[in-house]
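Please build the complete structure, drawing on both the sequences and the hints.
Chains A and B are the protein sequences, given in the same order.
First residue of the first sequence? That's 110 in this note's numbering, and the numbers climb one at a time after it.
First residue of the second sequence? That's 256 in this note's numbering, and the numbers climb one at a time after it.
Be careful, since some hints might not be right.
Distance condition first, Cα-Cα at most 30 Å in a straight line; then the derived BS3-like pairs of lysine-lysine [stated by the list, open to error]:
{"id": "1", "chain 1": "B", "residue 1": "K521", "chain 2": "B", "residue 2": "K419"}
{"id": "2", "chain 1": "B", "residue 1": "K288", "chain 2": "A", "residue 2": "K289"}
{"id": "3", "chain 1": "B", "residue 1": "K499", "chain 2": "A", "residue 2": "K288"}
{"id": "4", "chain 1": "A", "residue 1": "K209", "chain 2": "A", "residue 2": "K132"}
{"id": "5", "chain 1": "B", "residue 1": "K521", "chain 2": "A", "residue 2": "K404"}
{"id": "6", "chain 1": "B", "residue 1": "K499", "chain 2": "A", "residue 2": "K289"}
{"id": "7", "chain 1": "A", "residue 1": "K303", "chain 2": "A", "residue 2": "K289"}
{"id": "8", "chain 1": "B", "residue 1": "K499", "chain 2": "B", "residue 2": "K521"}
{"id": "9", "chain 1": "B", "residue 1": "K517", "chain 2": "A", "residue 2": "K132"}
{"id": "10", "chain 1": "B", "residue 1": "K517", "chain 2": "B", "residue 2": "K499"}
{"id": "11", "chain 1": "B", "residue 1": "K521", "chain 2": "B", "residue 2": "K262"}
{"id": "12", "chain 1": "A", "residue 1": "K268", "chain 2": "A", "residue 2": "K288"}
{"id": "13", "chain 1": "B", "residue 1": "K436", "chain 2": "B", "residue 2": "K389"}
{"id": "14", "chain 1": "A", "residue 1": "K209", "chain 2": "A", "residue 2": "K303"}
{"id": "15", "chain 1": "B", "residue 1": "K508", "chain 2": "B", "residue 2": "K521"}
{"id": "16", "chain 1": "B", "residue 1": "K288", "chain 2": "A", "residue 2": "K412"}
{"id": "17", "chain 1": "A", "residue 1": "K412", "chain 2": "A", "residue 2": "K288"}
{"id": "18", "chain 1": "B", "residue 1": "K288", "chain 2": "B", "residue 2": "K515"}
{"id": "19", "chain 1": "B", "residue 1": "K515", "chain 2": "B", "residue 2": "K262"}
{"id": "20", "chain 1": "B", "residue 1": "K288", "chain 2": "B", "residue 2": "K419"}
{"id": "21", "chain 1": "B", "residue 1": "K288", "chain 2": "A", "residue 2": "K288"}
{"id": "22", "chain 1": "B", "residue 1": "K436", "chain 2": "B", "residue 2": "K521"}
{"id": "23", "chain 1": "A", "residue 1": "K404", "chain 2": "B", "residue 2": "K508"}
{"id": "24", "chain 1": "A", "residue 1": "K412", "chain 2": "B", "residue 2": "K517"}
{"id": "25", "chain 1": "A", "residue 1": "K303", "chain 2": "A", "residue 2": "K268"}
{"id": "26", "chain 1": "B", "residue 1": "K436", "chain 2": "B", "residue 2": "K499"}
{"id": "27", "chain 1": "B", "residue 1": "K262", "chain 2": "B", "residue 2": "K517"}
No lab work stands behind these hints, which were simulated from the structure alone.
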Amino acid sequence: MNEITYAQAIKDAMSEEMRRDPKVFLLGEDIGAYGGAFGVTRGMLEEFGPDRIRDTPISEAAITGAAVGAAMTGMRPIMEIMFSDFITIAMDQLVNQAAKARYQFGGQVSVPMVLRAPEGSGTGAAAQHSQSIEAWILNVPGLKVVAPSTPADAKGLLKASIRDDNPVVFLEQKLLYRKKGPVPDGDVVIPLGKADVNRPGTDISIISYGRMMERCLQAAEELAKDGISAEVMDLRSLRPLDTEAIVSSAIKTGRVLIVHEACRFGGFGGEIAATICDSEAFFYLDAPVRRLAGKDVPIPYNKYLEAGIVPTTEAILAAARDLAK
Amino acid sequence: MTIPREKLEDMYRKMALTRAFEETAMRLFSLGKVHGTAHFCIGEEATGTGVCAGIQPQDLIYATHRGHGQSISKGMNVDRMMAEFLGKATGVCKGKGGCMHIADVSAGNLGANGIVGGGIPIAVGAALGTVMQKIDRVVVCFFGDGASNEGTFHESINLASVWKLPIVFACVNNCYGMSMKVTASMNITDIALRASSYGIPGMTVDGNDVLAVYAAAQEAREHASRNGPVLLVLNTYRIMGHSKSDSGAYRTKEEVEEWKRKDPLKRFVSTLLQQGLFTEAEIAGIDAEAAAVIEHAVAYAESSPEPSLDTVEQDVYA
Ligand SMILES: Cc1ncc(C[n+]2csc(CCOP(=O)(O)OP(=O)(O)O)c2C)c(N)n1
Ligand SMILES: [Mg+2]
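If you want it as structure tokens, here you go:
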């Protein structure tokens, strides 16, 4: 067990997979000498050389298409989009090409690629560099979506994503890059599609993922002081989704609070709520399923405004207390 | 050279203001007064100033993420610009945009863009609107060498050329797109060659020579207003790091030092002095005035209120 940062865990996963499999390579903007905009790939150019750590021109559509084509013909590319916001430029290649190839060609090909991109607000980078974009991708059959909240999950899930034979969008949490956590030694692969109950409880289920996990756990700690036992679940992988874990937790507690940073309207929280309401868990609910999410606004620059639009620990706590009444 | 003295003075004032703005903004950063990032244009001042001096007041510009000089040169109020940089309610975007999204529509600056290449198609649309409404004006779209590798650049120039729109594509080639050297990002040495693919003229100028940029911009504007798009490439160099998080591992100190010697402000000053157009005292006076204007802007920004959380949903309609 080692205490390493989220960024280091991601780098370790990629480096270990690259050592294991010569077909794995990286492409993206400023991932070489610069080490990536957030320093994640720092040092990888020195170890693997420019052939496998490929700096590209600023051309997201071409980067993505090149990953798709290389994946279809035997390679296992990991591509980086510097900020998840720029995925818009990659969208055709991702949505109409990567996601569709295997199906529309009757299973003749597969597209084993990973698209890594950091998301989230909190850095003062304003409306075009701060979004949480998972809902855009989650509505596309043919794409897997992962959003880890700890260094250990980041490493294990990235390994699984790289070994997956299908396209995976791996959403890294910008504000977690420098956070440390214990990561087990060795080749630990965490399968996609399995939620993690970080904290078991009986009175209320708080379901979240990504950066908001930390706040949900803090809120749960506070709730315990009031005698409220909160179960906190980290979905980790959003598609495939661990429906079973969600439903059984809802049955157990009868009260569910869903929390995410991404904006609320059309957000993934709605899908989780519907998953519960569509299932037998509906009959066990003691209160309506609640959602706490980012405000439906472009992310503002000013730091107070920026901090004011995402769920805070206090807001999670208040909503949970209200639900548990 | 028959450039009126006031014009020369105005150009030097804009360059001096830009330099003072950038140096002050960097200082505010190191004092921990800025939440966010910034992209500085030190060493590239002649591009924004020269181009904006060569166009007309009614013309529109689209600025880049490295656009402080472009905005100042287009006549932006620096108090409200500095306030925006500090995220204040009095900022030109009410503290919502920050320095990557400086816009001042009243001054003809339709906004800086945080998406590389994101402004190019929009500028084409503005040029289209100009023609359809029969307005006498030209649109200038600033973007970088790196942006010219985005699809939007190629699609936009092609569209503007078939529609013969009044637009100048002003490419600020500062030798790098973040860490990628321009020579590694494209297989040609002169970006202006790209114009020939779209059947429009391409011009290349020394982007550290403000008078050359000014003359080229005038010529490009003239052409654009009569015959359609021009690609104007301004060769310069980014002296500072890409943004606040750049360790500079991809280039040598010698290279940066070499370009520091080509400082566009010093170069302009030596021309003005050599030709006897200005005295050293007059130049020092303009420098001092620029410093005072920026100091005032900082005081204005710092004494301005933070935006209230009530404003966070203002201008949200869906
Ligand atoms: C679509 C998109 N891709 C990548 C980035 C990250 N990024 C911001 S500026 C920049 C370099 C741009 O280079 P260039 O166009 O030459 O402008 P310069 O920064 O040199 O002024 C990059 C890669 C971005 N903001 N938008
Ligand atoms: Mg550049």
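Hints, one by one, checked against the model:
1. B:K521 with B:K419: Answer violated: K521 (chain B) to K419 (chain B) is near 38 Å, above 30 Å.
2. B:K288 with A:K289: OK: K288 (chain B) and K289 (chain A) at ~27 Å, within 30 Å.
3. B:K499 with A:K288: 20 Å, holds
4. A:K209 with A:K132: Status holds; Cα separation ~22 Å.
5. B:K521 with A:K404: Cα-Cα ~49 Å, so violated.
6. B:K499 with A:K289: 23 Å, holds
7. A:K303 with A:K289: Distance ~22 Å between K303 (chain A) and K289 (chain A) Cα, so the pair holds.
8. B:K499 with B:K521: Roughly 25 Å between the alpha carbons, so the hint for K499 (chain B) and K521 (chain B) holds.
9. B:K517 with A:K132: Violated. K517 (chain B) to K132 (chain A) sits at ~46 Å, over the 30 Å cutoff.
10. B:K517 with B:K499: Within the cut-off at roughly 23 Å; holds.
11. B:K521 with B:K262: 18 Å, holds
12. A:K268 with A:K288: 20 Å, holds
13. B:K436 with B:K389: At roughly 41 Å apart (the allowed maximum being 30 Å), K389 (chain B) and K436 (chain B) break the hint.
14. A:K209 with A:K303: 24 Å, holds
15. B:K508 with B:K521: 20 Å, holds
16. B:K288 with A:K412: With Cα atoms ~11 Å apart, K288 (chain B) and K412 (chain A) stay inside 30 Å; holds.
17. A:K412 with A:K288: Measuring from Cα to Cα gives roughly 21 Å; hence the hint holds.
18. B:K288 with B:K515: Between K288 (chain B) and K515 (chain B) the Cα gap is close to 27 Å, so the pair holds against 30 Å.
19. B:K515 with B:K262: 26 Å, holds
20. B:K288 with B:K419: Since the Cα atoms of K288 (chain B) and K419 (chain B) sit roughly 46 Å apart, the hinted pair is violated (cutoff 30 Å).
21. B:K288 with A:K288: Cα-Cα ~24 Å, so holds.
22. B:K436 with B:K521: Since the Cα atoms of K436 (chain B) and K521 (chain B) sit roughly 25 Å apart, the hinted pair holds (cutoff 30 Å).
23. A:K404 with B:K508: With Cα atoms ~45 Å apart, K404 (chain A) and K508 (chain B) exceed 30 Å; violated.
24. A:K412 with B:K517: Cα-Cα ~38 Å, so violated.
25. A:K303 with A:K268: 14 Å, holds
26. B:K436 with B:K499: 19 Å, holds
27. B:K262 with B:K517: 22 Å, holds
In this structure, the earlier hints numbered 1, 5, 9, 13, 20, 23, 24 are contradicted, and the remaining ones agree with it.
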